Amino acid sequence: MVIQSRLNVLNEDCMDDAQRAVLDDILAGPRGNLDGPFLAWIHSPELAGHAQRLGAFCRYGTRLELRLTELAILFTASWWQSQAEWQIHEPIARSAGVSDAVIEALRQQVQPPFTHEDERLVFQLGKTLYDSRRIDEELYEQAISAFGEPAVVELVGVFGYYALVAMTLNVFAVRRVTDAPLPFIEP
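Here the sequence shown stands for residues 69 to 255, where the numbers follow this note's numbering.
Honestly, the hints are just simulated from the structure, not real lab data.
No experiment lies behind these values; they were computed from the predicted model shown.
Keep in mind that the hints are not guaranteed to be accurate.
To be verified - Distance windows between CB atoms, simulated:
id : residue 1 : residue 2 : range
1  : H118      : P181      : 36 to 44 Å
2  : D103      : V224      : 18 to 26 Å
3  : D186      : Y128      : 15 to 23 Å
4  : S213      : V77       : 32 to 40 Å
5  : E217      : Y128      : 19 to 27 Å
6  : V77       : K195      : 35 to 43 Å
7  : Q192      : D84       : 41 to 49 Å
Using N, Cα and C, we set each Cβ at its ideal position, and we do this for glycine too.
Sequences and hints are given; from them, build the entire structure.
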């Protein structure tokens, strides 16, 4: 899919050695493309290298089910109204088992009609974290009981990493070129 942004286009002919090396790492990894925030991050190969390794773990390596990881990513995309993040992850979330009703509620930024308690808990963690910048003891204990401490640490990492992704995509106006309408009204 074609991506556009406000960044200067980098092609291999004008990249330095560090940019080429990180591009090779990204293309050889599980993503296999220079999509989303990597269009921006490749301008800073040091940031791109670290971010792509963290992102690969957050997306493919946590203890969480893909359905829950993608729910956390969509919640973050909606919170930040990140057009490209939503465009990239909405179909992935759907195929991972997040229901159409939950996806649409997230897009509209209203309380989703959860049928799975683990999804409600991921949503509540994200909402509470973004609203208050903290998690109270009761919610914390629920999360630890449901997912275990290592998975909760990883879930917080997913929320943080995808907030970085959303900010990057928003600042540099990264968009997928498509005939579909943007998921969020531009502010």
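Okay, the hints, checked on the actual structure:
1. H118 x P181: 36 to 44 Å: 38 Å Cβ-Cβ, so the 36 to 44 Å window holds.
2. D103 x V224: 18 to 26 Å: Between D103 and V224, where Cβ atoms are some 24 Å apart, the hint holds.
3. D186 x Y128: 15 to 23 Å: The hinted range 15 to 23 Å holds for D186 and Y128, with Cβ atoms some 19 Å apart.
4. S213 x V77: 32 to 40 Å: violated, 49 Å
5. E217 x Y128: 19 to 27 Å: holds, 21 Å
6. V77 x K195: 35 to 43 Å: At 37 Å between Cβs, range holds.
7. Q192 x D84: 41 to 49 Å: Taking Cβ atoms as reference, Q192 and D84 lie about 45 Å apart, which means the hint holds.
Hint 4 alone, counting from the list given before, is not met by this structure.
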